[in-house]
Amino acid sequence: AQTVTQSQPEMSVQEAETVTLSCTYDTSESDYYLFWYKQPPSRQMILVIRQEAYKQQNATENRFSVNFQKAAKSFSLKISDSQLGDAAMYFCAYSLWGGSEKLVFGKGTKLTVNP
Amino acid sequence: NAGVTQTPKFRVLKTGQSMTLLCAQDMNHEYMYWYRQDPGMGLRLIHYSVGEGTTAKGEVPDGYNVSRLKKQNFLLGLESAAPSQTSVYFCASSSPPSGNTIYFGEGSWLTVV
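Sequences listed follow chains A and B, in order. Residues in the first sequence are numbered consecutively from 123, following my numbering. Residues in the second sequence are numbered consecutively from 25, following my numbering.
Extracted from the complex, chain B is given alone in its bound form (with noise of 0.2 Å):
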């Protein structure tokens, strides 16, 4: 049971730099989520997707851009890396009604230098 897999699980930037964090899901889920941790935090919501080809923006966006193309993939871009984005993020999924329980992947560690 793969469920909700991060890629990559570890990187560590340049300011200035760029990477994608790749977020896929194989339980045929709707909904798609990124969120980032920072210390003494719990989880913020940055982008999420309500289906294949439509995204959103969440509380803390600026900065990532997102894209959905296929149902099962949701990719979280940073176009110029800042020390500001250091920080833990967790993509999960869900499907509808509401209530459904929320699936968590296991976490990217991210280090902007």
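The shape of chain A in the complex, shown without the other chains (with noise of 0.2 Å):
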């Protein structure tokens, strides 16, 4: 079965300093995706940013970026610049290629950011 470890259960940064929030994996399967995904304080689940594994190029979406390191398992964020909207329980989750979207997910990390 594939397991999902986020082992930073929370994290702060300053406003406007930069962020990495860590996540490993396991899984045998050689096709899958990678998510990462904030939750606020709504409970709204938002995804942040999304890596398909066949790709080598690490995914940005503007101020997020992702360290993708297939053999090693490990898929990390970064956020630039944070900004205090930022603050929220961050999950990362793995779901596999061609299967039907089954999520699995890390138990989260929650980030402060300091003003």
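Heads up, some of the hints might be wrong.
[Said to hold, decoys possible] Looking from chain B toward chain A, a few residues come up when the C-beta cut is under 10 Å (computed):
# : residue
1 : G64
2 : G66
3 : L67
4 : G82
5 : Y88
6 : V112
7 : S118
8 : W133
[Said to hold, decoys possible] Simulated pairs of lysine to any residue, SDA-like, Cα-Cα distance not exceeding 25 Å:
#  : chain 1 : residue 1 : chain 2 : residue 2
9  : A       : K229      : B       : E83
10 : A       : K229      : B       : G123
11 : B       : K94       : A       : S222
12 : A       : K200      : B       : T125
Since the hints were made in silico from the structure, they are not lab data. Being a predicted model, the structure only gives us computed values, none of them experimental. Glycine included, C-beta positions come from ideal geometry on N, C-alpha and C.
Put the two chains together into one complex, using the hints given.
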């Protein structure tokens, strides 16, 4: 079974600074997707970024980028120029390619942004 | 844009009572899912459906039943609620091919006393 591990229960960053959230996963599959979801206090699940495992190029979305290391099974999220609105729980998730989009989530990292 | 709508948003149940959570999506998605989120945990898959009339078990299916009689609706039932089922429940939907965006509802807070 696939597992996703987020080893940092909480992180904090100063406004305008950069922070990196860590995620490792375990799978025997070669084709899959990895995601970072943001969950603000409203509990809404918001997709931040997606990475296809077959792509070597790291995904980027504005201030958000990932460092995908397939051999190491590592998938970290970098947030640049942190903003107060970035404060939330961040979940790393995995789904198998060709499957029915079933997501396996990590336990999350709570990000605090200090003014 | 309604997207994924969950009903009810909040509910308090007594142990042993039954209830049904309704999920409705207006995006003509093939796939639908029910997840639960407990404190300090990520979301865990309860049941899912890959099409009208089909359902399958996820990671934590015990104590729940589901039905997908219509493509746009996915019902989650608790036949005899237990305090361990106190949680926030999320419905989600998506369509193939894999890797497409998964849309989540806003969550349903369920407390079993």
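Going through the hints against the structure:
no., hint, in the structure
1, G64, "holds (6 Å)"
2, G66, "holds (3 Å)"
3, L67, "holds (5 Å)"
4, G82, "holds (7 Å)"
5, Y88, "violated (16 Å)"
6, V112, "holds (6 Å)"
7, S118, "holds (5 Å)"
8, W133, "holds (9 Å)"
9, K229/A with E83/B, "holds (15 Å)"
10, K229/A with G123/B, "holds (21 Å)"
11, K94/B with S222/A, "holds (18 Å)"
12, K200/A with T125/B, "holds (21 Å)"
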